[in-house]
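Engineer: In case you want the letters, here they are:
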Amino acid sequence: MSTTKFGEYGGQYVPESLMPAIEELTDAYERYVLDNEDGFTDEFRERLADFGGRPLPLQHAESLSARYDTEVYLKREDLLHGGAHKLNNALGQVLLAKYMGKERIIAETGAGQHGTATAMAAAHLDMPCEIYMGETDIRRQRPNVFRMKINGAEITPVTTGRGTLKEAISETIRDWATTVERTHYVIGSVVGPAPFPSMVRDFQSVISEEARAQSREKEGRLPDAVVACAGGGSNTMGTFANFVDDDEVGLYAVEAGGSSLSVDEEEGVAPNSASLSTGDEGVLHGARTKLLQDSDGQIMESHSVSAGLDYAGVGPELAHLVDEGRVDAVNVDDDAALEAFHRLSQDEGVIPALETAHAFGYLEEHADELGEFVVVNVSGRGDKDLETVLEETEKRDLEVAPDMSVLREVSGGGL
Amino acid sequence: MSTTKFGEYGGQYVPESLMPAIEELTDAYERYVLDNEDGFTDEFRERLADFGGRPLPLQHAESLSARYDTEVYLKREDLLHGGAHKLNNALGQVLLAKYMGKERIIAETGAGQHGTATAMAAAHLDMPCEIYMGETDIRRQRPNVFRMKINGAEITPVTTGRGTLKEAISETIRDWATTVERTHYVIGSVVGPAPFPSMVRDFQSVISEEARAQSREKEGRLPDAVVACAGGGSNTMGTFANFVDDDEVGLYAVEAGGSSLSVDEEEGVAPNSASLSTGDEGVLHGARTKLLQDSDGQIMESHSVSAGLDYAGVGPELAHLVDEGRVDAVNVDDDAALEAFHRLSQDEGVIPALETAHAFGYLEEHADELGEFVVVNVSGRGDKDLETVLEETEKRDLEVAPDMSVLREVSGGGL
Amino acid sequence: MGLEEAFADEPAFVPYVAAGDPSIEASKAYVEALERGGADAIELGLPFSEPIAEGSTIQGAVVRALEAGMTPDRYFAFVEDLDVEVPIVCMTYYNLVYQYTHPETGEQGPRAFARRSAEAGIEGFVVVDLPAEEAGPLREACDEFDQDLVFIVAPTTRGDRLDRMADHVSGYVYVQARLGVTGAREDVSDQTEQSLARVADWSVPKAVGFGIKTGEHAERIVSAGADGVIVGSALVDIIADGHAAGDPTADVADRLEAKARELKAGALAGARAEAEQS
Amino acid sequence: MGLEEAFADEPAFVPYVAAGDPSIEASKAYVEALERGGADAIELGLPFSEPIAEGSTIQGAVVRALEAGMTPDRYFAFVEDLDVEVPIVCMTYYNLVYQYTHPETGEQGPRAFARRSAEAGIEGFVVVDLPAEEAGPLREACDEFDQDLVFIVAPTTRGDRLDRMADHVSGYVYVQARLGVTGAREDVSDQTEQSLARVADWSVPKAVGFGIKTGEHAERIVSAGADGVIVGSALVDIIADGHAAGDPTADVADRLEAKARELKAGALAGARAEAEQS
Ligand SMILES: Cc1ncc(COP(=O)(O)O)c(C=O)c1O
Ligand SMILES: Cc1ncc(COP(=O)(O)O)c(C=O)c1O
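Chains as they are written, first to last, in the numbering used here: chain A, 41 to 455; chain B, 41 to 455; chain C, 83 to 360; chain D, 83 to 360.
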């Protein structure tokens, strides 16, 4: 039997109409995912390999290792089909929906990475798919919108609120509440009501399963530190899961510090997405967890230069592990993330997602505290972020930014 | 000793100032690549695995197999770091340049895939890198231009002629002729003077090395047909190389038929890039091969909806294999390639490069002639082509195109 | 207990509006108009920033109420200020309950929220995202402060879950007429009768909500066996239209009162029809 | 053989222009002006669409000539039409040789090209992208039709390659003064002397080209031991400027003639300087 709670966190805070679906899902999770009924897990692993491209390398980062005088390894989730760790989970859930006899997939997306992963998985498994996406995010993640449409998904723009991930999740829950009997909601991170946080973690834990074995192969031991960015926390939990019991391995969840850690209560806006570091306990989107909220309990608009970290909540298990002292919740601001983006691109030839760049921003600031063998999860590639990076880089005076004038010259003004 | 010729094709037709460099390269190719001196090949293979993500899957394509009533497998080069097979070669050559003691890398690029691969490899191996790219291509492949810049490469726009690959190659040769002693020119396909065609083939042949073994694993035998698109022909030769001696395996090189196979001599324009199918023997960019040229021997402007196939020449070895009857030269037009692009995206959840889509267009038209077990090389992913696909799809009335109106609505007009 | 009494004599009409929509004063006038129109109890929404169970109509109300500055403390003051006799049920989401800090005791959480509700004269709660499984702390606080805790039974609720809710429920049971989110519909769902059948032997009154728009809907629902009807979106539409048109509060209040009369009359007609059937 | 004779008496001045740049007539006038200015032989470019060894100046000439309609057959007619005495060397790229179809014999390839060249009165070839290794077929055709085949020695050419070229070369050897592509430079490269030293014992005259711009350059090159200077971009610049300004052909021809005089005078001065040194 799976549990719905992680300490006091987690649970199932959803409208009653969803509870039966959640019970059905719990049952399916236990049978198929935990007990490999009908060979579900075998099929999942096989598809992850053939369609997804797993296993993925743990790459020694030569320039960074020299720069920080420590052995830095990159866990290359950016090489997963679709360009981010998201497919591990999306493929697992769409496949599970098939096993459950569901006829339709819905999902929300912020950065568009979960949406594209879900659209790809749905196309691969021949499931109709509808994706909810905030209008703001549609604007700032156009390439991913294209990709979802091209994979045959329907995109429904969400116009409420600020039009980002939080609103898209609410809207997807609404759809689910209406169509729950034939629809599976593929949640995009280790958030939401149980069993989602556990299930998404299990699908993502292939990251640390591989990384743990690869660490032993490459360095003959476990790493001193494992670093991953945290939005909802799915790449984070996936990267940590198989190390949680190894007390000697430090686990660092790097949140988006945005432009500042302080908060505008009046406007209901937090200029960051650092719910683990600065949030309070509360209930959002089905789970008790750490949240960005005002003193009344209204949810704040979070902010980050990276759309995929721009979420006011965080996975309940991660909140629990932070409270337990097992995981260090840290954060990195927009500027440092952008610098890290350029540094990794130029020094290692790996263009990371802006989300991922936060993990490298932390490395830059704290490498000397992380020991002699550090694994950083490259949760995704940065192709989706190119326009944002250009814009945000132009606004700033970064040390490591490249000169982009050739684009202006050739296109004749305007990037 | 390597030979410079494939039958009558190939050779070394270059200005005298480059000949010594070509001799030096030949020597390095023989020692490092062919004889694994100083462990070059071992290091190359290791970096292909750790940095590139190899081996890559041979994936069973369920929908296509059902559609064509034949077992269709996808060789997933789109999962290689950078998003196309190009890194196999770029990494090999940049590494070789290091072994040769060169201080600087130059390259030309059309679709931008070879440029991004080279920029990534150069960043990874800490080599300064300059990329020549036609103005037209800079405009139609913006995301790749961003990526090269972000990886720290310099981009030099080429304004001569129509501003595409042909001009970019000429310009790169000019740079090389000037700086040859300290510079290595990373040519992007199996073209150019010997030893480039053999060397690039060798670096790319990891594709068929894997695919051959994987075919045995998955189906217990070799495929009846292997299909790959052909621009210069590097993914093509890489996919064919280890099957050439297996006479029972049909090899299909799919060229860009563009909008028509006929030619406008007056304007010097071929509305296609089908040099294998329609070209004549001639000498271009250092090699004797099949070319799109007018009756005087002036090179034509080729055309294809996919920038990466848009080249008036083709690898000399491929020209030879076609003449020998070992490889079938076929072609697919722009419309069919676009249809195939959408079909693979929707039915398999794999968004191919427009170049790659040509191979699937051929499958659609000739699946019944290819036997019961077909391997198609997915030479790259389509992220770079999204804008082009949108534009070109809007101009046409395709059966399988998705409805893109959501993008217009949200962005408020104009895609 | 006040809530059950609302259903005691005749089928109850229970309107929903969001407190503070579109302003504190107008909202007060609207609540009072609904009582004049025949409301037997009022579900008064305490607006939460993420109303995941609401359709676009009530989302709109929530946004307007939040923009008008509604907060939990202002909500309680609003209730204290209301000039109505019928019981008030606080409809909200759990995070506001969970976060609530009592202004005097300084205590935080469900107990503080229940205490303050009782002080304000509220009779009970519907907490939309609080299933019976997670309701322990609030249930205890309700017992202590004499508040009812209403649960929603969905068309999909069956078996064990029904039993668990039967154990926890008090005041009335909110029978959700159809799957999905709130919002007025053109028709009445077939699922209603089946849902009513499933809770037939519960000791609390059965109020049906979700999608009821007209007196005729109300009549059919009551004739199908409901003890009352809950109507939200059809009323919020009137508020939204009035707000959009810039109509005087009194006019909108009159319209609400008239709509309330229609719905109450429908419910009564339904009761007569049911009496005839049986 | 005509070509070697051009270097026989005194240091030769060998200009390069593209046939047909910027029009057939103007180009004819320019070639004739160069002879008047003292040219001892003329390298006349047959324009190819992919001039990979040329810098931007000569690329420009090639584009203009192609736009003016220059083709191999028109090129031969152009040469036949020229009113000059000095030998003409055809400078081109191999694909045009390879593709050439003789209008009468219908034969295609190097032999057809050499035949037609001989018929037109051409004395030899420089084929920029044809190293000695690939030159077999053209070398044979040249022998048959009494054409010289000039090779370029680059600063990087050494050892075996030099020997192979020494075997194939006739007419003169084109000593490339620096690495890179054609184009006028402000200075004269140090590499020149070293390159000249490497071919010192060759039996053919040594002409140095790449980047020579002024009479003074020419003087220094000849005094360093060259038997002649080849000048292209500095002359093409004059044509390009005149074309851009819309100047009358006669004016541009005068400027070319004057520049030719300067360069030839420089070469002669260089020969005197060398004679004094030795
Ligand atoms: C590349 C990448 N990394 C990280 C994240 C953050 O999500 P999570 O914290 O669930 O891993 C996202 C979300 O879109 C993402 O796209
Ligand atoms: C994805 C992809 N496929 C194919 C090609 C064609 O090149 P080649 O024929 O050398 O494989 C390109 C060239 O850019 C490419 O990007």
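No lab work stands behind these hints, which were simulated from the structure alone.
One thing to keep in mind: the hints can contain errors.
[Claimed, not checked] Which residues of chain D face chain B? A partial, calculated answer using Cβ under 10 Å:
hint : residue
1    : Phe130
2    : Ala150
3    : Leu164
4    : Phe227
5    : Arg240
6    : Arg260
Treat the numbers as computed from the prediction; the structure is a model and nothing was measured.
Beta carbons: idealized from backbone N, C-alpha and C, even for Gly.
Engineer: Identify whether the interface hint at Phe130 (chain D) stands, where standing means a beta carbon of chain B within less than 10 Å of its own.
Structural biologist: 7 Å, holds
Engineer: Under 10 Å is the threshold here; is the Cβ of Ala150 (chain D) close enough to any Cβ of chain B for the hint to stand?
Structural biologist: Ala150 (chain D) check fails; min Cβ-Cβ to chain B is 14 Å, beyond 10 Å.
Engineer: Double-check Arg260 (chain D) for me: the hint is only fine if its C-beta lies closer than 10 Å to a C-beta in chain B.
Structural biologist: 9 Å, holds
Engineer: Hint validation: Leu164 (chain D) versus chain B, beta carbon distance must be below 10 Å. Holds or violated?
Structural biologist: Check failed: Cβ of Leu164 (chain D) comes no nearer than 21 Å to chain B, outside 10 Å.
Engineer: Could you check if Arg240 (chain D) really has its C-beta closer than 10 Å to a C-beta on chain B?
Structural biologist: 7 Å, holds
Engineer: Quick check on Phe227 (chain D) please, does its C-beta sit within 10 Å of some C-beta on chain B?
Structural biologist: Constraint on Phe227 (chain D) not satisfied, violated at 19 Å.
The structure is inconsistent with the numbered hints 2, 3, 4, although it conforms to all the rest.
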